[in-house]
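Asker: Sequences are here, hints too, so could you generate the full structure?
Quick note, the sequences are listed as chains A and B, same order.
Read in the numbering used here, the first sequence has 56 at position 56, and its numbers run on one by one without any break.
Read in the numbering used here, the second sequence has 550 at position 550, and its numbers run on one by one without any break.
In case anyone wonders, no lab produced these hints; they're calculated from the structure.
Some clues are possibly wrong.
Covered stretches of chain A, going by a simulated chain B footprint (3 or more residues, C-beta under 8 Å) [said to hold, decoys possible]:
1) 7 to 20
2) 71 to 80
In silico SDA-like pairs for lysine to any residue, Cα to Cα no more than 25 Å straight-line [claimed, not checked]:
3) K65(A) / N310(B)
4) K65(A) / E454(B)
5) K139(B) / L46(A)
6) K75(A) / P184(B)
7) K139(B) / T80(A)
8) K66(B) / N310(B)
9) K75(A) / F187(B)
Ideal Cβ placement from N, Cα and C applies to all residues, glycine included.
One-letter residues, chain by chain:
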Amino acid sequence: MATTKHTLVALVEDRPGVLNRVSSLFRRRNFNIESIAVGHTEQPNLSRMTIIVEGDDAKVEQVRKQLDKVVDVVKIVDITSDDKVARELALVKVKSTASTRSEIIQIVDIFRANIVDVSSDSLMVEVTGDEEKVGSLVDLLRGFGIREIARTGRIALTRGAVGPLQVEEPREVKVPKQPPKPPLEAESPPDW
Amino acid sequence: MKKTGAQILCESLCREGVEVIFGFPGGAVLPLYDTLPQYPKIRHILVRHEQGAAHAADGYARATGKAGVCLATSGPGATNLVTGIANACLDSSPVVAITGQVARSFIGKDAFQEIDITGITLPITKHNYLVLDAKELAKVVKEAFYIAQTGRPGPVLIDIPRDVFQQEAEFVYPDKVNLPGYKPTLFGHPTQIKRAAEMINAAERPVIIAGRGVIISKAFAELRELAEKAQIPVITTLLGIGCFPETHVLSFGWLGMHGMAYANRAVHNADVIVAIGMRFDDRATGVVSSFAPQARIVHIDIDPAEIGKNVRVDVPIVGDVKNVLEALNQQIVPREHLDWFNQVDKWRDEHPALLIRESEALLPQYVIRQIYEVTQGDAIVVTGVGQNQMWSAQFFFYDKPNSLISSGGLGTMGFELPGAIGAKVGRPDETVWCVAGDGGFQMTIQELATIAQENIAVKIAIINNGCLGMVRQWQQLFYERRYVHTLLSGPDFIKIAEAYRIPALRVTDKKLVVSAIEKAMDHEGPFLIDFVVEPEENVFPIVPPGAALVQAIEMPKPEKVKP
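Answerer: In structure tokens, the structure reads:
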């Protein structure tokens, strides 16, 4: 069966061990997590995870259902086919000399990236964007010699007013309903 | 009022209606054991190995529908629970396991008897907790029992450091839980129920496959109403046995690897399958690619992750079986399926699965049938795993709701004896028969001491064939009779029983079976019978691994398999 790259986003209780509970379910099904990003959300005690995995649709859906059963997972959805903004951040430490420095700075400018640290023989570049943009910049910088790279992995939000991860207020008991599809914006801003 | 963590735990257990704990003491739980006598309402049963505690709690839970509680100390005490917890997890049994942990300041230092039991049990519990503050304890216990007993039930583990048992905190028992990430769907979607009703009403060759979910949901009457109203043959899974009276005219046995040939044929030829509270386990479906090729499937289950996991489903209904069937039954049109019944009956005549062959020898099937005859079916049967389990499922007819207790998903040899202890403690007015193999019985044989000390009136039938029968059968059928490490030279079970002060009898003669069973029944306390049976008897039918349900090997005619 054909495999595709899936973007799963989850709201989880901010408790010790929750990352282990989520990642171990992928391990059980022999999935390799490509990236996982965790951070706080607009709600106290809740964290948001963005998980990128590659697999066939049925298998990913089975893991998603199993993850939804984890008590600490409040909600998890697959937003692969949703209209969304996805970003990652990378820090790249690249070798530089007096002769290459300005060329590097030019490239960084074109990518609307930033130089965040300078030393006599290196520059640190901070770049935000989708994987393609980060990848292209890294490829270009590779020619100058890369010392170190740190990448955050992807985070993503669906476009529009209402997102699939908005949870009902605690204690409010109502029949779960499908959130409306996020409306397409008239003109999508350029991704990078 | 301030109480210690140990007191808070006991108070909370009382609030949850816990009457009995199966446990084994040790260093980390000493403060709790020291507190237990203050709570005489909680009966503590001392097992001889923690695995026995977990299985007994599981047996108790299955027999009563209430959470069973087991208790162990840190380290080896906790790891000894693991098999029992996994067993409860795979068969959706509500077990609350409480483990001691080393004191908080020692956690992470590889202290004496320290083990990360929440980490170890992560994949085999529905949820687990490490409680680092006595203030949290009441809330955790409340949540644990709620999670274990609602939705699809399952085990929950609570790990408590020794000094948290001693820490003082205010005791306030919460009256409800707030778990945003845990909200089981209880009622089926009306649209799907309507679609299911339409499909059932239009079916020509329908079958119901009913699983343990019917028993857990106590939907016995609702299942019967559906079957009788729509005139649908009822086939159960192994763990579904006891959800529908087996002597009912609509009952057509159970399906799967050792299921009745006619049940498997009916499933294979059905045009509509109504799967209720079951999960299409591979032992039930045979090779899944040729499972029920003509059928459209309605699948009712409370666990959304089970739907579409193993087989494609046409109408998924997530909800509690009882609620869903109540709603569904209202839309079912009474009708008959005479041709279909005639067909299934014909298969039953052509493939009589449950005959006991003529023989002077003592046959295991005969023993099980006589237990049925003597008890008149009025008993709870707790089995081991293997041949004894399959014969117990085949040759005893389960009319009473929830009367067969068996390890299905994990297939845990050694479950039988402690499982029977739990069942008898949970339902003391019932006759409980523990049917064991001589192999599995030796895995938890030490619990005879628990039975003797607590005078638990379990009747034990050892189906003693001197080998690991099911594995030997596979070696015979699929490994050209190379019996590698499956022949047992067992102990003298009568002497063992006597050593534990449990009366026992050995039966080697067919003619003495009934009188031995009657003697066991007449005796007030526990009783053990060692049935020394034909060693090379096989379980038939058997669907070979990797084959379709209809490709079962049936009992060779007219005599037994070549010697």
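Asker: So, for every hint listed, does it hold in this structure?
Answerer: Each hint tested on the structure:
{"no.": "1", "hint": "7 to 20", "verdict": "holds (count 5)"}
{"no.": "2", "hint": "71 to 80", "verdict": "holds (count 5)"}
{"no.": "3", "hint": "K65(A) / N310(B)", "verdict": "holds (14 Å)"}
{"no.": "4", "hint": "K65(A) / E454(B)", "verdict": "violated (44 Å)"}
{"no.": "5", "hint": "K139(B) / L46(A)", "verdict": "holds (19 Å)"}
{"no.": "6", "hint": "K75(A) / P184(B)", "verdict": "holds (13 Å)"}
{"no.": "7", "hint": "K139(B) / T80(A)", "verdict": "violated (37 Å)"}
{"no.": "8", "hint": "K66(B) / N310(B)", "verdict": "violated (29 Å)"}
{"no.": "9", "hint": "K75(A) / F187(B)", "verdict": "holds (20 Å)"}
The structure fails hints 4, 7 and 8 (numbered hints given earlier, in ascending order).
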